[in-house]
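> According to the numbering used here, the first sequence is numbered sequentially starting from 1.
Careful, some of the hints might be misleading.
Said to hold, decoys possible - Straight-line alpha carbon distances no greater than 20 Å define the calculated DMTMM-like cross-link-like pairs of lysine to aspartate or glutamate that follow: (1) LYS154 <-> ASP239; (2) LYS154 <-> ASP260; (3) LYS184 <-> GLU297; (4) LYS185 <-> ASP239; (5) LYS145 <-> GLU218; (6) LYS184 <-> GLU232.
Claimed, not checked - Ranges of calculated distance between the beta carbons of each label pair, as one might list FRET restraints: (7) GLU87 <-> PRO298: 23 to 31 Å; (8) ARG190 <-> ILE144: 26 to 34 Å; (9) ARG170 <-> ALA300: 42 to 50 Å; (10) PRO99 <-> ILE144: 51 to 59 Å.
Don't read these hints as lab results, they were simulated from the structure. From a predicted model like this one, the values you see are computed outputs, not experimental measurements. Don't be surprised by glycine CBs; every beta carbon is placed ideally from N, CA and C.
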Amino acid sequence: MSGPSGGAGTRATGLRSTGAPFVPFGRKLPGAGLRSVISACAERRRLARSHRTERPGGPTHRVACSALARHSAGMCGRARLSTDASEIKLIFSIPPHRPTPNFAPTWNLAPTDPLPIVRFDAHRGERSLDVMRWGLVPYWASDIKIGYSTFNAKAEGLDARPAFREPFRRRRCLVPLDGFYEWKKLGDKRQPYAVALADRRLMAVAGLWDSWRSPQGERLRSFTIITTKPNELLAPLHDRMPVILDPRHWPAWLGEEAADPAQLRTLLAPYPADDMAIWPVGPRVGNVKNNDPSLIEPVAAPA
DNA sequence: CCAGACGTTGTT
DNA sequence: GTCTGG
DNA sequence: CCAGACGTTGTT
DNA sequence: GTCTGG
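Please take these sequences and the hints and turn them into a complete structure.
This is the structure:
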């Protein structure tokens with residue numbers, strides 16, 4: 001409702017000790033009245049959302065994209081990078097005199113976490129390595145929270161979406177990863193898998209970046225990981241996978257070589273299944289507070 | 001024209 | 001159920 | 001991506 | 001900033 005706020009400190013007063021108990025969200029309630037109120041609110045929000053994407057009369061381009069997206073969702077939301085910065089610079093041919101950013105090795109990288117990414121500094125004609133936040137916040141955004149839902153960008157229609165169109169043209173980057181995780185649905189359970197290149201080399205994932213200025217005037221640079229259809233190895237786990245780029249395509253993607261959007265789009269294809277490896281891992285990776293090399297230790301294959 | 005979204009995931 | 005935080 | 005939080009009223 | 005919806 002639209003009543004007054006109740007003043008500062010309301011939330012800090014804690015739970016009330018008498019009267020109706022706090023109503024858990026999404027749970028069955030003893031009284032039908034309150035449930036119906038909450039259900040109505042949820043339903044209203046759900047309708048508002050579907051109204052945006054499933055408008056029945058004459059689908060627009062955006063609606064068509066969203067409808068397509070509904071059954072081919074994106075996915076790459078947890079990753080790892082324990083290779084140190086100096087080695088990353090060697091692998092990506094970043095000149096030694098360029099800054100070597102500090103970052104902690106991670107076996108459980110999540111959206112909003114910082115990660116070093118590779119760009120082409122056209123002014124100097126060199127590649128660079130800079131730490132950015134995972135979850136692209138467009139420069140026009142009013143709220144950083146949009147980054148919670150822009151950690152992936154679907155390759156299909158990149159040049160049509162407001163959040164990614166300009167980054168796709170001018171702000172492409174490579175995201176160095178040792179690998180990432182996928183959760184496979186098994187009935188009502190979810191089994192995490194580690195994913196890597198077959199030879200365990202560092203992988204270069206296609207990304208986009210942007211620079212955002214917060215209301216307080218601070219600059220935030222952030223990036224997203226592009227997803228595409230899965231190869232035969234990953235298809236049993238999920239219906240999307242991140243775009244991994246072969247080194248021979250790095251110059252075009254980084255903008256060191258001229259490439260038109262059509263050429264760039266052809267690069268956004270599933271990586272060969274024969275060059276990748278997957279194995280099931282334990283459930284501890286689900287909690288971002290766990291972060292150590294044991295997270296990628298193989299466990300017995302699920303039934 | 002202005003107001004408001006702009007994204008992905010998840011589910012059956 | 002939906003959203004935020006990590 | 002998953003884990004975990006999530007609210008209002010009234011009164012002083 | 002740019003696009004869609006009204």
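> List in ascending order the numbers of the hints, as given earlier, that are violated by the structure.
10
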